[in-house]
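So the chains spell out like this:
There are 2 protein chains.
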Amino acid sequence: MPLGQGLDAVFRPRSIAVIGASQDATKIGGRPVQFLLKYGYAGRVFPVNRSAETVQGLTAYASVDALPEVPDLAVVAVPTGGVVAAVRDCAARGVGAAVILTAGFVDAGESGAAAQAELTAIARDSGMRILGPNCLGAVSVATGVTATFSVNIETAMPEPGAIGIVSQSGNLGSYTMRRLSDAGVGISTFLATGNECDLDVADGIAWMAADPATRVILCCLETCRDAGKLIAAMDLARDAGKPLVVLKIGTSETGVMAAASHTGALAGSDAVFDAVLRRAGAIRVHSMEALVDLAQAAAIVGPDRLPRGNRVAILAASGGFGVMLADAATAAGLAIPRLSEATQARILTAVPFASPLNPVDTTAQVSSRPELLVEMLSAVLEDGGCETTILFSSAGFHLERLSAIYIEALTEIRRRWPDKLLVLCCGGPPETLRKLNALGYVTIEGIDAMCRTVAGLARMGRPAPGCPVPQVEKAARPLPPSAFANENASKQALAEAGIGVLAERVARSRAAALAAAEEIGFPVVLKILSPDIGHKSEVGGVAVGIEDPSGLAAAYDMMMERVRAAAPSARLDGVLVAQMAPRGVELIVGTKTDPIFGPVVLVGLGGIFAEIAEDVAVQVAPVGDGEAESMLRALKAFPLLDGARGRPKADVAAAAAAVAAISRFAVRHADTVAEIDVNPLLVLPAGEGAVALDALIVPSARLKSEIAA
Amino acid sequence: MPLGQGLDAVFRPRSIAVIGASQDATKIGGRPVQFLLKYGYAGRVFPVNRSAETVQGLTAYASVDALPEVPDLAVVAVPTGGVVAAVRDCAARGVGAAVILTAGFVDAGESGAAAQAELTAIARDSGMRILGPNCLGAVSVATGVTATFSVNIETAMPEPGAIGIVSQSGNLGSYTMRRLSDAGVGISTFLATGNECDLDVADGIAWMAADPATRVILCCLETCRDAGKLIAAMDLARDAGKPLVVLKIGTSETGVMAAASHTGALAGSDAVFDAVLRRAGAIRVHSMEALVDLAQAAAIVGPDRLPRGNRVAILAASGGFGVMLADAATAAGLAIPRLSEATQARILTAVPFASPLNPVDTTAQVSSRPELLVEMLSAVLEDGGCETTILFSSAGFHLERLSAIYIEALTEIRRRWPDKLLVLCCGGPPETLRKLNALGYVTIEGIDAMCRTVAGLARMGRPAPGCPVPQVEKAARPLPPSAFANENASKQALAEAGIGVLAERVARSRAAALAAAEEIGFPVVLKILSPDIGHKSEVGGVAVGIEDPSGLAAAYDMMMERVRAAAPSARLDGVLVAQMAPRGVELIVGTKTDPIFGPVVLVGLGGIFAEIAEDVAVQVAPVGDGEAESMLRALKAFPLLDGARGRPKADVAAAAAAVAAISRFAVRHADTVAEIDVNPLLVLPAGEGAVALDALIVPSARLKSEIAA
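Chains as they are written, first to last, in this note's numbering: chain A, 508 to 1216; chain B, 508 to 1216.
Simulated from the structure, these hints should not be mistaken for lab results.
Keep in mind that a hint or two might mislead.
[Claimed, not checked] Chain B is faced by these chain A residues, among others (derived, beta-carbon under 7 Å):
| # | residue |
| --- | --- |
| 1 | 765 |
| 2 | 830 |
| 3 | 831 |
| 4 | 967 |
No residue lacks a Cβ here, since even glycine has one placed at the ideal position from N, Cα and C.
Can you build the whole structure from these sequences, using the hints too?
Here it is in structure tokens:
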């Protein structure tokens, strides 16, 4: 089914039934009726109430069957026990979509899960789409559709505008809507998906991606119940050129567990979520304030003035505030280039005591002479070296005398440079700020908040291109059981998948080991082979740098003796005779299975570095070679691969190809493989490749029990 | 001179002269007079004006000499060219202190520096204290002393209160004052020190530490012109039990450079500043918002209710907001322990569908039944497992109906638990928030901001103890020149200072090397000794693991041959024969000279780790053994010293003692040593010590030129 299908019935219904409609407008079944009447919904509204003749002045009906026509949309607000029957009635009557406001399903634990499964089945079997249950519903501002009981629209409907909001949590979504309304930002549509028995956030994103009224999509995420749908929906938003701003909560361990317990969904890794959002080109924010600031700024700036880069010029009438802005801009990832000599000269001509570097210290002279402010701003805007100019004013808009001067200058600037982006880091009385906003100026008082918002606008203005994800087919046959137990077989399986390995042979006697070494060529390494020994070196099971046959014989005998002494009950499958590894940079490459997104691939520097420095790149598998290389380049340790400190440059392309191949391997065998651990992947000097020196493949729990059985 | 001496004349003058007083209250010389009259300063005010008979209704005097009495305080607002003469007149007449508002001194570059030096000399010679020049001056709210032209008090004087503000930047300081006033927070005193020709921020901190009206000191820092004074003043504040909250700006490279250019002072390292503040127990904040939030919260909470720990309980009527609070609390370093079984049971008795873990999901039931909110809050406050309880409400105070319910519950809670700390993460109409503040509730709308503020309160409630700094005397004799050129001599100098080294001998022939090796005992290491060779191993100048005399002879001959081939013009001083190092953990320990704070000591893990992971601890030298150990424990890599992954525990005590000894060495030789680089310091297993394997001592620029001469 196409993503978002059925949401037309939610957002553009010709008629709406409210099942469980109440006369009392403070009740969950009373509010939708009240809102529909109050906000001028133009279609027909049918209250369904078993006993009342009228509800809030409208003719009421005893049941869905009794309705004079089939409504496009049913809002269900009956008590939990009556929901399934009411929804079944709707489906039988041919209703387009049902919004279930009632709670008590998976949100109530086991007891509600069965009833929710029934709802899912009704949707699947009938084709009627269901939003919820346990959701805050939907609002379409332009049409006055209010399939919701949100207290946040009790007083007033938001102004119509270009921001669409989709949220699992009704509270988060409606709080976002209220904060934006308070800030004077217009809304197109609001969708809260609750327990997501059928329609989910992905459907909402997809519908808004196609909705002409929506230009920017805000999304509050707590979890994801269908990874494929979410990824596809984000791609639709990107392809439609609509910035998608995501507030994904649950970043800390406590937060992730709380979110899982609260949504009744699986606890996925926040790092994986982050990678998925990044790959999709979504703009992730980390607080409600950041979400609201960015949405408001985007609404004021509009699509045509978005900055196409991250360079900022900073002007402040105080050196100290200029320093703070420079600090905050740097922390937000913005660049603060020097202004051109010509621009600097022009600034100094206007105000000889100004500091014309970036940040520009305008001095307090601009407070009394607006023409100086106009001239300095013009110089910086004309400079062209920065996509965004930030003007700071601590007191400028608080005092009427100064405010008039600033507004005069800014009106002139807007006239002269209608297309350039100048933002104002300032506070002031609400009516002054509204005036500035109406002139096209973003106003944010906090310095950090302003810089973070400009960075967000720059990401909107220069959207990340889509990242090609390779197509990988599931393997026709599972891996042989030996691949899970034996280093050599694991590496063979990886080698067949295109991952480089060194020459190695299994030998079950000293003579066989000698023959293998002659075939491979000295120097060689000897490793014990046993399904029962995890840490080979701890039992004397590794010997490196064996130079000749006599050395090999001695090493073989000593190893057998030491291993038998240290691990007398271990089954020994012989030894592995392997080519001695050349020098290179050691990486750890692994895959794990995320409960939400399935196989993910991880890469970090080998040894203790990745763990202690928390320097690991992660992405949902599979990744292409290009994305794998981006992962390597994102590591703090990347300079070690790139020739830092006079080292030879490593074969980054080969390392990336190996990471990509391992990620494909994990997807191909996702049904049977839980985890892969290539430790180390040795990356040789440029042009010489990369080889897996050791590998471990962990079977899935299902396969493990099959093997055991 | 005791820190802060002379500020009594600034904050508690019996009479004030305003030199350059103007009739025009918008002028820099008119505003102080206007403010003094408007805000009811009780002492005498003497305008000094060359031509006017009266100024703003007061009798004016033509000169300082013409004044009818000697004023305690002179406010100087004459043009730049007249400042030195006016200040000289004040000093001659015996004025207690002068506040110079006029700019154009070091802030104007070279041209103003000479005049500023004259001001410094006047202060030194006369004993009259000078604030400024180029400063925004001083305000004492209680006494109506307004030696300032700040536009931020144009409309109203702040309420009297317990917060003292001291700032180099007048803009930052007065902006802080206005934001606090807007938030209804009372101020004791305000001091802006500008160019600091005499009095500086340290004097301000010290004075406020002793001022009975000031309970919390806020400090905005751009630079530091006298490290010793600043450190001593911070110690006074700590010893007085007054929290010192510091907004130190200039964290980014651009910011640090902008601050240096703007203040005319040296650009110190932000990391060193950070270490100095931490050692002094100051609470560093990173934004104006954080400063204002924490000051307001401290004013509302008062000293007796400050949390004595960092554990928080979180309650929200929405799971999603609970998750966000858990995320933000974790990021702010707060702990979120589980509530006791008894508390959980009590919560579930009140609201069966609540989630009683921490964060507590109260469900929306609390919105209609205040007694349930009271019961749940009581359960959590009585639990005793958390020092602070955070209650979130997204809409509770925005709607009159809900607001009344919440306020009823919170009034009851305050009555029942007057001493417990409950804070409210909520927005609302200003009058509602003021009512809540008056009840003793901190109200902050932002989730991140709330958690950051609670963490700051917890630091105030559990101040860090003072950190003993060892006394180190300057060395009577400089190091011998060889200590700067020769690895062996460098290590000898360090060994004499108590830093462990391995046995090693200089040998100038093969025979001497053989004799040295026999004396030390095999195995040994051989290293070339040459003042001209930096990277010994790159020219074949290092041989390790030499097991016997024949091996030594061969290694010696090969080294001489290879070094002569690779570096034919290098002067060779022979070889170093050294004991072969055992296995251990390699650290890098170094010292550098910070332009502001002098010698600083740094420590990190050896190899590339410290650099790539940015994992280095820094502190101003000298450090004691205890502080050195804290530095080691602050490293991400500390687990490697502490037995991570089955390694032996390293001799942390010996490593700390070596770091401390190196730091003392740097202070003792601060006049001649610019930098020390011990790389590596090898830390042996516990009980076996730590040894400097290689060391480099870099002479100061002055010594370098002396050596060259």
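Output the numbers, in ascending order, of every earlier hint that fails for this structure. The structure breaks only hint 4.
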